[in-house]
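Chains as they are written, first to last, in the working numbering: chain A, 188 to 524; chain B, 188 to 524; chain C, 188 to 524; chain D, 188 to 524.
Just so you know, these hints were derived from the structure itself, not from any lab.
A hint or two may mislead.
Just so you know, same-sequence chains aren't split out, so a pair can sit in one copy or run between any two.
[Unchecked claim] Lysine-lysine pairs mimicking DSSO-like chemistry, simulated, CA-CA at most 27 Å apart: (1) K214 / K202; (2) K248 / K465; (3) K389 / K332; (4) K332 / K382; (5) K214 / K248; (6) K262 / K202; (7) K465 / K389; (8) K465 / K382; (9) K332 / K214; (10) K257 / K382; (11) K465 / K202.
No experiment lies behind these values; they were computed from the predicted model shown.
There are 4 protein chains.
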Amino acid sequence: MVIVMQVTATDAQIKQVVNRIHSAGLKTFVSSDQSPVIIGLIGDKRMIATMPVEALDGVEKVIPITESYKLASRKFHPDATVIDVDGVKIGGGNVVVMAGPCAVESREQLLEAAALVKEGGAQFLRGGAYKPRTSPYSFQGLEIKGLEYLAEAREATGLKIVTEVTEVTAVDAVAEYADMLQIGARNMQNFQLLKAVGRAGKPVLLKRGIAATINEWLHAAEYILNEGNYDVIMCERGIRTFEEYTRNTLDLSAVGAIKQLSHLPIIVDPSHGTGRWKLVKSMSLAALAAGADGLMIEVHPNPAEALSDGPQSLNPENYQNLMQAVEQMTEFMAKLQ
Amino acid sequence: MVIVMQVTATDAQIKQVVNRIHSAGLKTFVSSDQSPVIIGLIGDKRMIATMPVEALDGVEKVIPITESYKLASRKFHPDATVIDVDGVKIGGGNVVVMAGPCAVESREQLLEAAALVKEGGAQFLRGGAYKPRTSPYSFQGLEIKGLEYLAEAREATGLKIVTEVTEVTAVDAVAEYADMLQIGARNMQNFQLLKAVGRAGKPVLLKRGIAATINEWLHAAEYILNEGNYDVIMCERGIRTFEEYTRNTLDLSAVGAIKQLSHLPIIVDPSHGTGRWKLVKSMSLAALAAGADGLMIEVHPNPAEALSDGPQSLNPENYQNLMQAVEQMTEFMAKLQ
Amino acid sequence: MVIVMQVTATDAQIKQVVNRIHSAGLKTFVSSDQSPVIIGLIGDKRMIATMPVEALDGVEKVIPITESYKLASRKFHPDATVIDVDGVKIGGGNVVVMAGPCAVESREQLLEAAALVKEGGAQFLRGGAYKPRTSPYSFQGLEIKGLEYLAEAREATGLKIVTEVTEVTAVDAVAEYADMLQIGARNMQNFQLLKAVGRAGKPVLLKRGIAATINEWLHAAEYILNEGNYDVIMCERGIRTFEEYTRNTLDLSAVGAIKQLSHLPIIVDPSHGTGRWKLVKSMSLAALAAGADGLMIEVHPNPAEALSDGPQSLNPENYQNLMQAVEQMTEFMAKLQ
Amino acid sequence: MVIVMQVTATDAQIKQVVNRIHSAGLKTFVSSDQSPVIIGLIGDKRMIATMPVEALDGVEKVIPITESYKLASRKFHPDATVIDVDGVKIGGGNVVVMAGPCAVESREQLLEAAALVKEGGAQFLRGGAYKPRTSPYSFQGLEIKGLEYLAEAREATGLKIVTEVTEVTAVDAVAEYADMLQIGARNMQNFQLLKAVGRAGKPVLLKRGIAATINEWLHAAEYILNEGNYDVIMCERGIRTFEEYTRNTLDLSAVGAIKQLSHLPIIVDPSHGTGRWKLVKSMSLAALAAGADGLMIEVHPNPAEALSDGPQSLNPENYQNLMQAVEQMTEFMAKLQ
């Protein structure tokens, strides 16, 4: 942390700031020969991060220098993490596709979707049994029944299951049925839930909040890692901006940023990211070209009948077409590097 | 809902859309003499809101027309709601101030703050016992111990207590100690928590999410109202924008917007809204001039020692100065109308 | 400027950065006893601001410390600037109202509007003769004819004239007719235009760009001041955010921020800021309560016939009602301080 | 345009709206059997777009349905536009790379950069002779001298020249030296400048404004097309969001969106889009995978000495490495389709 004093700060004010820091057991360096005076803090980073020095007299502003996440940081874990979900590897060059409907709507719909997803070559089946919805009057999901259908679809196809958990009290149930627990964008800073999935013994897919900075997102991952669960996959799914043509603005720069800052794998969800199925293929290819470790894709046997997110779901034909292109792009990227 | 067909849509595609709507028991009107063709939906609004027609062939875009919240809407409740918290009224011209430290740090700190808050003339003491924090290494709150201190402060001063609840499993405990339950910005779309506080039998202060539209915010209120709890107070606390000088951008237009769209009271939190104590007074006065039903203010006996949000907390002197101005502004606004 | 080196930076890399700075005639201080190493730059601020050190090996990030604007800064001009427009004072406690239609549409419309504006008590008549419009097919303004009508309205009413100039080649013409030149939001970083109005010998009203930070806005003012024109008035008119209920998000915190950072007066335009005439009164009062030096208001004799921005224009009755409230708020605020 | 009336609108109010529309020579359709009543407008789109009906009594909101740009629209020009710059084709499957320094700094720097750019295989040399800068104290460009160096570099290498023009009075001079005129992000809505380059007889590269919607961007293109210049290339260069890790958020979904909405080619500038040279390669590949018609890349013989934007410039080695990958990706994408 670096403290910038006001141009008009007095010697007494500077001394007060320095004393305050020393009293907390930290050391300082002071650049007294320039205006404004700058004071640096030296010592334990976690202690430094919690010093409320901005409220002291004469302080102009406080500039944080080091990030306070550690377990998620690439600095301390230079090698990319590879997550093994019963034989399916994610990260370190292993590209994975998770596909399926937005919501589990019925046994028939899910089994039909699962067969389709399997045929296309994806490794994971996605589908929500617990659906967070803006309106209390929208379809809220089949809950336990939905989990059972997901388990049945796994039996039928061999696909791994990834599904969202939205509350602490449902973590055990979802962990019993699913191979991977998904934290949705709205819950990225639901810290109790993050801690709970950190203790659930299953890999976690952590979606980025719609207004979360990359820094906050990595801190959310840190909550999970801090509970002893190192199998965390980041998922970029678009951020909220002023643009209205797309539902969100898919931030593909986040792929490279996460790779630089962290050792965790990152996949991309172009379905939620754009909200338009006609943009899903081009953004899927772009995500892989940017270096993403995989994709999460909405596909529905019949999008026009979907109970949620129909406009962004691929129909069977477009899904198969996408998967062929994904396969070729994955091969190409493997050779390019 | 209005469906705009593509300029190139065929008669068969138009017919398919109309049939799809009719099969759901809804009626349509079709403007066939203009290009593009426009199809309107008539019938139950909740059903209309869930029709995934955007995925049908030939559809250009779908435009929602009516909001799907109802209990929170002014259309159905023209009179302003007045909430009575054991004799303290909020809304309908009754202005309230909630003040106190960001976090309950110790018994001494809280009792000192409570005496200060009382002396200034506020009606509510605020203070977090459960603190949602970006980093797992930051101070997370005293939890039950903090609630006990809050209750003790109420005994000592007669102030009402408002404090945040961050998880479903803590709702009962917080409801036992507090007079009002606060839902923080990060939990505005934690729907399980909204339902839980909707059943807790205590008034709820609902903070706006940092990236929540006014429409989404009112839907979040609808979740609480839908459980039978009509004592909901909205709290504007700033939205996330590109501006960096302030911690958030306080959206005071939301005050007038909520008053037009809803019957619920709305208060403003300029401390979180700006992140700078030097802006708190001017934005407090502005909030009241905009028609807000109250303020939530961070005050700390010694901001430079605060464990969180020191830079935005008022010290005792500035708090007293603010309260005098607030009193005068409240009187002025009462006469103006 | 402070340079933060990478944790893994070598001594050679640190030395290279230091040498690069010294070779530019600047001095450094280096905190070598902490990780990461921090290098501060000492010397001429303008030179420091242009050092591309971020591209050097081993540099993690570069943090600017001092703003590079100087003439607009309060640090160097502690007293508030008061601008005198032929007897009408702005700033330093003098509140001004500029009102009128968005666009000059005809002689009759403008003269009618001017009489109305005068009667309500405003000091300035606003109205666009040159209209920047998103679409080339929208009404673009009456240009010179519009300026002549404005001059005629001044003759008839004694109101001062403020009107927008959108191109360098029109500056002389607009300066000949108007008492104050307005730079619109879209042109806030049209640097040639800023320089031109800086040399035009008339006060300038500088609107904030829809995506401009306060820092960039003050730099835009610096372009005008740097040409020798010190009569610059800032105008907050809303920034672009994700919120859709209002046309823009009016950032009233900018009022206090500009007052802290700069000596220049600042007024607020709630008409463009909200895009809804029903929010204009509450946000006008809020702006004055926040400390604004004035208001810019859209009023039209018949908003339903307006060629542009009808939805945000006040009709005569609402304008008179607003002006009465503004007068009372101005008196109240003068007594409060 | 569709008008949604208030739920409480009276028959008289509905009739007034209808009459107002009819008096302008437009037709209506009214859905009188639902609440709220909806009124559609039929007739000339440009006239419809300028009707200020939102200000009429009883109107809840107005929803635009058709875009008001026409020349830029794909609806009226289904085939992709291919622009031929003296033999170098852009669009319709022809991928182009424009590379060079941010600013022309000196004859030596530019000639060295040009040789490097040519060797890597790009077709265009970029470099600013007129530099729009936030601060008046930053380097503003060599102006005419810079244009002469660019022309000399073209002689020496055969590269085409693209360079920014920032003011109407400089259009002729820049058009004399350059093969393509660039409109920078800050000038995207400098309408006089758009009209001037529309008449200059040279292809135009139109960068997206940092807060411009895709819709506004296409309207800006419409200004140029409307002057008779059909050789317009769109350039996505990042939008302003809350994310701070990158300088801007590169919106690659805009590539697919522009392709759907318009026939104009679109290229991507990952250097400004990310502000970090370490992200340039991955985002370049992503842009091509998304379907972009080309790239604009900042490269500098010695980024650490650059007078502007050093942190985002590639050095010679990284540029050559990028160009090899770009060539392979271009080949791959050509085969994929």
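Hints, one by one, checked against the model:
1. K214 / K202: both (13 Å within a copy, 24 Å between copies)
2. K248 / K465: between (46 Å within a copy, 13 Å between copies)
3. K389 / K332: within (20 Å within a copy, 33 Å between copies)
4. K332 / K382: both (25 Å within a copy, 21 Å between copies)
5. K214 / K248: Both: 19 Å inside a copy, 22 Å across copies.
6. K262 / K202: between (34 Å within a copy, 22 Å between copies)
7. K465 / K389: Cα proximity of K465 and K389: none, with 34 Å in one copy and 33 Å across.
8. K465 / K382: neither (37 Å within a copy, 33 Å between copies)
9. K332 / K214: neither (58 Å within a copy, 33 Å between copies)
10. K257 / K382: For K257 and K382, only the intra-copy Cα distance (16 Å) is at most 27 Å; the inter-copy one is 35 Å.
11. K465 / K202: Answer is between: at 23 Å across copies they meet the 27 Å cutoff, but 62 Å inside does not.
Of the numbered hints given earlier, the model fails hints 7, 8, 9; all others are met.
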